[in-house]
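**Student:** Here is how the chains run, residue by residue.
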Amino acid sequence: MNIAALPMMILIATAVVALVPSLAPPGRVRHLGPPLVSIVGLVAAAGMSVLLWGDRQYTFYGAFRTDRLTVLMTLIFIASALVTVLMSLREPATVDRRGEYYSLLVAAVVGMVLVAGTGDLIGVFLGIEILSVALYVLCAMEVWRARSLEAGLKYLIVGAVGSALLLYGLTFVFGATGSVSLEEISDIVRVRGLGGEPLLMGGMALVIAGLGFKASAAPFHMWVPDVYEGAPTPITAFMATAVKAAAIVAFLRVFSGALIDVVDDWQMPLAVIAALAIIAGNVGALVQQSFKRMMAYSSIAQAGYLLIGVATGTLLGVRSLLYYLIAYTAMTLGAFILVAIREREVEDGQSIASLAGYGRRSPLHGVVVTVCLFALAGFPPLSGFIGKFMLFGAAVEADLTWLAVVGAVGSAVSVAYYLRPIFVLWGEDPEPGNARTFDPGDGLWVASVLAGLGVVVTSILASPLLDYCREAAQALIAP
Amino acid sequence: MGISLMYYLLVSGGLFALGLAGVLIRRNMLLLLLAVELMLNGANVALIGFSRHWDVTDGQIFALVVMVVAAAEVVIGLGLIVAVYRQRIVLDVDELDQLKG
Amino acid sequence: MIGSLAWVVLLLPLAGALVLGFSGSAEPPKALTRVAGVGTIALSFAATLVIFFTLLGRDADDRALTTTAWRWAELGPLRIDLALLLDPLSVLMMLVITGVGMLIVAYSTEYMNHDRDYRRFFAEMDFFIFAMLLLVMAANFVFLIIGWALVGLASYLLIGYYYDRPSAVAAAKKAFVINVLGDVGLVLAAFVMAVKLDTLDYAGVFGLAPEKLGHGGLIPELIAVLLFVGAAAKSAQVPLHTWLPDAMEGPTPVSALIHAATMVTAGVYLVVRCNVLYQLAPHASEMVAIVGAVTLFIAATIATVQEDIKRVLAWSTVSQIGYMIMAAGLGLYTGAMFHFLTHAFFKALLFLVAGVVIHALVGEQGIDRMGGLKKYLPVAWATTLVGCLAISGVPPFAGFFSKDEILARAWDAGDLGKVLSIVGLVGAVLTAFYMFRMFFRVFHGPEPEGGYAHAPHPSGPAMTLPVIVLAVLSTVGGLIQVPTVNHWLDSWLDVSLMADPALEASHATEWRTMTMSVIAAAAGIGLAWFIFAADGGRRRVQMAGAMPALRRFLLDQWRFDPVIDDAVVAPGRDLGDAAYRGFEPYGSGGLVRGGVGVATAAARLVRATQNGLVRMSAFGLVVGLIVVAAAMILGR
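Residue numbers (my numbering), protein chains in the order written: chain A, 1 to 479; chain B, 1 to 101; chain C, 1 to 636.
Hints listed in this document are in silico derivations from the structure and should not be mistaken for laboratory results. Worth double-checking, as some hints may not be accurate.
To spell it out: a stretch of chain B is covered by chain A in this simulated footprint if at least three of its residues, at any positions, have a beta carbon under 8 Å from a beta carbon of chain A; those stretches are [stated by the list, open to error]:
#1 25-31
#2 35-49
#3 63-72
#4 80-88
SDA-like cross-link-like pairs, simulated, lysine to any residue; straight-line CA separation at most 25 Å [unchecked claim]:
#5 C:K375 - C:H457
#6 C:K196 - C:P77
#7 C:K30 - C:V50
#8 C:K30 - C:T54
#9 C:K196 - A:S362
#10 C:K30 - A:L75
#11 C:K212 - A:E397
#12 C:K374 - C:K196
#13 C:K196 - C:R79
#14 C:K196 - A:P380
#15 C:K375 - C:A455
#16 C:K30 - A:P363
#17 C:K196 - A:W402
#18 C:K196 - A:R360
#19 C:K418 - C:D535
#20 C:K196 - A:P363
#21 C:K196 - A:E397
#22 C:K196 - A:D399
#23 C:K30 - A:T401
#24 C:K30 - A:V409
#25 C:K418 - C:P458
#26 C:K212 - A:V396
#27 C:K374 - C:D535
#28 C:K418 - C:E286
#29 C:K212 - C:L78
#30 C:K374 - C:L385
#31 C:K30 - C:A42
#32 C:K30 - C:K374
#33 C:K196 - A:V409
#34 C:K196 - A:A408
#35 C:K212 - A:W402
Quick caveat: nothing in here was measured; it's all calculated off a predicted structure. We put the beta carbon where it would ideally sit given N, CA and C, even for glycine.
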């Protein structure tokens with residue numbers, strides 16, 4: 001084993017060590033130990049990843065590959081996890097089971113990194129399962145709250161079906177090609193010309209369904225609003241960003257990477273589910289009263305935009321997708337942070353109405369969320385605009401103009417519901433001096449600043465970021 | 001090469017379809033978990049079949065991994081079901097209806 | 001060197017806004033707020049002056065430079081830099097924004113003293129000035145649009161400053177919605193340019209446009225019209241003008257800064273900046289000129305019946321910007337900028353004096369409850385007189401020269417120009433009338449019944465000094481360009497106006513127009529004096545009942561509001577509010593509402609599948625699988 005898998009090893013160690021402080025008697029160590037260990041481990045893994053930025057390296061006999069795409073995705077996962085850790089510091093769900101909470105969170109990241117760097121189909125399944133199993137538990141962590149438990153159980157049952165579909169699809173892909181190694185599959189598909197082969201097509205359909213489920217694209221999305229609403233808010237934020245990113249990178253590894261030569265077979269179904277996700281997400285979000293649920297629908301629509309990048313099957317598409325993914329992570333986290341804050345400050349903190357007048361009272365959070373929502377709605381000059389602009393452009397170049405039109409119309413509709421919380425946020429306060437029930441704490445403050453900075457930096461430094469994204473995309477498609 | 005690939009796939013497809021039908025029809029949470037297990041094991045049979053067809057061990061390794069994962073999933077599932085049962089005394093999934101809209 | 005200074009000018013107000021906006025939750029000492037709020041703008045103004053004199057010292061051809069921070073994005077062939085452009089046009093705008101802005105912010109230190117949220121006010125003011133500077137300093141359309149949108153946002157915040165007053169919140173929303181409409185126009189224009197020209201830099205667009213787009217074709221006309229949608233929304237031109245009078249809900253200094261001196265002139269700046277494009281689009285230019293003329297006339301008539309001192313000034317602003325837009329549409333770019341400059345002086349002056357009066361009467365804004373204030377507020381009286389003379393176009397005050405330049409040059413700019421010049425002249429009569437109507441009723445005439453509850457008190461030095469400075473500028477500001485004597489502004493702006501047709505009025509026209517406009521001003525003032533001042537205001541009472549239909553029509557502001565409300569604002573607002581309130585049942589009619597209805601119905605449908613049952617989700621998986629398989633087979 002060379003150092004290519006070191007970030008993953010660090011994360012595994014972190015997940016184990018984060019359990020240790022739970023052995024301490026109740027007090028500071030037990031309380032702050034797990035998050036501190038997690039933060040240190042995540043930062044160390046991120047630092048290690050950055051050092052690995054470069055040409056592809058293999059480890060575990062080719063089962064794990066570290067290339068620029070792996071590194072970029074690892075950084076996205078870790079960034080999302082870090083913000084989640086900060087958001088969770090005072091989360092009720094973590095009370096008296098802090099070790100498990102943070103350990104599972106880091107374990108989920110391990111699964112994601114495995115997906116991002118996997119060299120074979122086994123890794124795709126295993127990685128997805130590691131992160132899913134960890135999240136089933138995290139969703140249900142607040143066992144005394146019926147909704148949380150319900151969310152966890154629903155997610156588990158439906159998620160297991162999704163995993164089974166994915167597995168069956170991977171099995172068929174293996175059956176059609178005779179290999180589990182992604183690189184060998186790529187060669188076999190090219191050499192034998194497997195376009196139109198029924199077994200492979202069946203496999204791809206199942207994989208699209210399974211991964212589409214994990215990425216919460218329509219029509220596999222019905223669990224999303226329920227689970228997102230029921231889960232503890234930091235976990236929801238984590239699912240909306242990192243889990244979605246993991247599913248997307250699995251799409252990239254399997255389709256844009258290994259199966260690129262049969263792009264004609266899988267382009268249309270991917271484009272269709274992307275379009276359905278954009279429509280279902282944007283339309284569903286229009287009538288929500290709960291900010292958290294609205295963001296859940298919004299994340300369905302955003303999954304649709306991301307899938308446009310996969311559906312193009314081009315370098316430009318993948319590059320735009322990666323950029324948009326980075327941008328999306330920052331802006332979605334920012335929006336969820338506000339939910340986490342309001343939840344603790346007032347009763348009914350998840351509703352849009354509870355945001356009334358908050359912007360004037362807490363300008364920092366107000367500005368961050370405003371920027372994030374503007375970015376999500378795709379207002380120029382923010383990163384959301386650049387990303388969507390490029391994704392639609394890539395779709396047009398890949399002869400998917402209709403998809404670009406669907407996306408553009410969807411974006412226009414989305415302005416309506418993204419602006420609503422902003423108006424409420426900066427509007428008048430119906431009952432000034434809303435009593436606080438919990439102090440949100442410094443962790444959320446830092447998280448908010450980080451998310452806001454993320455949006456601004458991705459917007460301002462679009463050009464260098466796009467360069468990195470191009471290199472990562474090339475690592476995927478180049479041999 | 002006693003048994004042809006077709007038979008493997010028939011059994012596998014049968015198991016998978018049975019499991020899927022179970023998920024769609026059953027309301028008892030425990031049976032839902034069982035149905036999902038059926039789906040996963042249907043896939044396992046196919047994996048073994050393909051593995052023999054291509055004469056590689058990859059599929060068998062994959063099947064082993066799947067077994068471990070399936071065990072983990074069931075454990076979590078049972079844990080959650082017990083927790084729900086303790087809290088609400090229900091085993092019917094359709095009773096889980098606090099989250100909707 | 002002045003390149004980096006440009007960044008200082010731009011970022012100082014932003015720094016002020018950030019420091020004030022995010023310095024903890026407690027209100028800091030007011031002195032500190034003042035220093036941060038005014039100091040940053042003052043430094044910014046000083047830096048602008050340095051830039052101005054440096055450029056002035058250079059050769060005319062050497063006066064434009066671009067300073068690039070970094071490449072912001074590369075979208076295919078489109079390269080967008082974060083860059084600032086310093087040229088005579090942008091420097092002129094910067095001078096006004098920072099200079100007049102500084103005076104107004106200084107004035108606010110006293111005006112807002114007893115108001116709440118002292119710090120937030122200055123933070124938002126500084127933010128506005130930053131946004132406005134970005135708008136005028138941007139070197140490409142992308143950052144112009146960013147500045148454009150930020151200005152809209154800042155004005156939304158400032159109009160809604162008293163956010164617990166429903167009328168203020170409604171006005172802020174209205175302004176925001178109409179401004180977003182304009183933003184859409186700009187974005188579309190930029191999109192067309194990006195597709196056709198592969199560049200959005202001013203230099204690139206203006207360099208390539210004549211060759212690639214041709215003269216008078218569909219594309220340049222389209223671009224020009226779309227740009228003008230943005231300009232009309234921001235500059236309150238008919239029919240997108242209705243937000244401006246309502247915007248008077250903001251504090252008076254805000255009205256002076258945003259709705260008189262700077263923000264509303266952004267549209268004029270845009271048209272002048274894009275002079276190359278407008279020269280390629282003769283029909284669009286004519287449309288611009290006609291819209292300007294229509295606006296100036298309509299707004300002037302409405303101003304004659306307003307009873308709120310700030311609303312008189314608001315309508316007068318709409319009208320004066322109509323002059324500028326009309327001039328820009330006719331190709332009189334220097335004229336437009338000249339009037340912008342003088343207008344910034346005298347309109348800021350008038351707003352600030354209005355603020356003095358309102359301050360003196362403890363918040364009273366109706367001119368009905370004013371009168372005979374001359375003896376209480378002599379300085380305000382004198383400065384208002386200067387402002388009114390300037391706006392009415394009485395020589396030698398600033399407004400005379402700028403208005404005269406527009407009217408004279410318009411007369412010699414073809415048939416359309418002649419017609420519009422006459423409209424402008426009629427507008428001049430009305431302008432003089434409504435300004436002096438306000439002047440006489442506020443400062444002369446009888447005191448309101450029962451006198452004043454508290455004796456009106458003159459304001460302190462922080463408010464008086466800016467007023468006096470602006471009064472001086474309103475008096476002498478016109479001398480930078482006197483017909484047949486000097487053409488300083490013409491030659492200064494020469495570099496920026498790449499396609500200036502350089503229209504000049506003949507001497508005969510000059511003299512004729514001057515005579516005419518002096519007569520027009522005299523007529524308006526005389527009429528106002530006759531009705532409102534000549535016999536102690538009694539005649540006004542007699543005339544109050546005359547022509548009730550016309551009066552009501554004018555008071556209804558030509559009924560624009562209900563129409564606009566139904567056609568534009570309501571759907572826009574609904575789109576935002578719709579789901580918040582739950583959709584009201586259908587039947588309100590209208591195409592847009594119908595569309596919203598369809599969307600809601602679809603939303604309901606989506607929600608219906610969302611019954612929370614696990615089986616439904618699993619079923620969705622199967623349906624999805626079928627969809628994917630079908631797409632896969634059909635898609636091949």
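**Student:** Each hint needs a verdict: does it hold in this structure or not?
**Tutor:** Here is what the structure says about each hint:
| no. | hint | in the structure |
| --- | --- | --- |
| 1 | 25-31 | violated (count 1) |
| 2 | 35-49 | holds (count 8) |
| 3 | 63-72 | holds (count 4) |
| 4 | 80-88 | holds (count 6) |
| 5 | C:K375 - C:H457 | 11 Å, holds |
| 6 | C:K196 - C:P77 | 11 Å, holds |
| 7 | C:K30 - C:V50 | 30 Å, violated |
| 8 | C:K30 - C:T54 | 36 Å, violated |
| 9 | C:K196 - A:S362 | 44 Å, violated |
| 10 | C:K30 - A:L75 | 45 Å, violated |
| 11 | C:K212 - A:E397 | 24 Å, holds |
| 12 | C:K374 - C:K196 | 60 Å, violated |
| 13 | C:K196 - C:R79 | 14 Å, holds |
| 14 | C:K196 - A:P380 | 20 Å, holds |
| 15 | C:K375 - C:A455 | 11 Å, holds |
| 16 | C:K30 - A:P363 | 19 Å, holds |
| 17 | C:K196 - A:W402 | 21 Å, holds |
| 18 | C:K196 - A:R360 | 43 Å, violated |
| 19 | C:K418 - C:D535 | 38 Å, violated |
| 20 | C:K196 - A:P363 | 41 Å, violated |
| 21 | C:K196 - A:E397 | 17 Å, holds |
| 22 | C:K196 - A:D399 | 20 Å, holds |
| 23 | C:K30 - A:T401 | 57 Å, violated |
| 24 | C:K30 - A:V409 | 48 Å, violated |
| 25 | C:K418 - C:P458 | 46 Å, violated |
| 26 | C:K212 - A:V396 | 24 Å, holds |
| 27 | C:K374 - C:D535 | 17 Å, holds |
| 28 | C:K418 - C:E286 | 13 Å, holds |
| 29 | C:K212 - C:L78 | 16 Å, holds |
| 30 | C:K374 - C:L385 | 11 Å, holds |
| 31 | C:K30 - C:A42 | 18 Å, holds |
| 32 | C:K30 - C:K374 | 32 Å, violated |
| 33 | C:K196 - A:V409 | 22 Å, holds |
| 34 | C:K196 - A:A408 | 20 Å, holds |
| 35 | C:K212 - A:W402 | 29 Å, violated |
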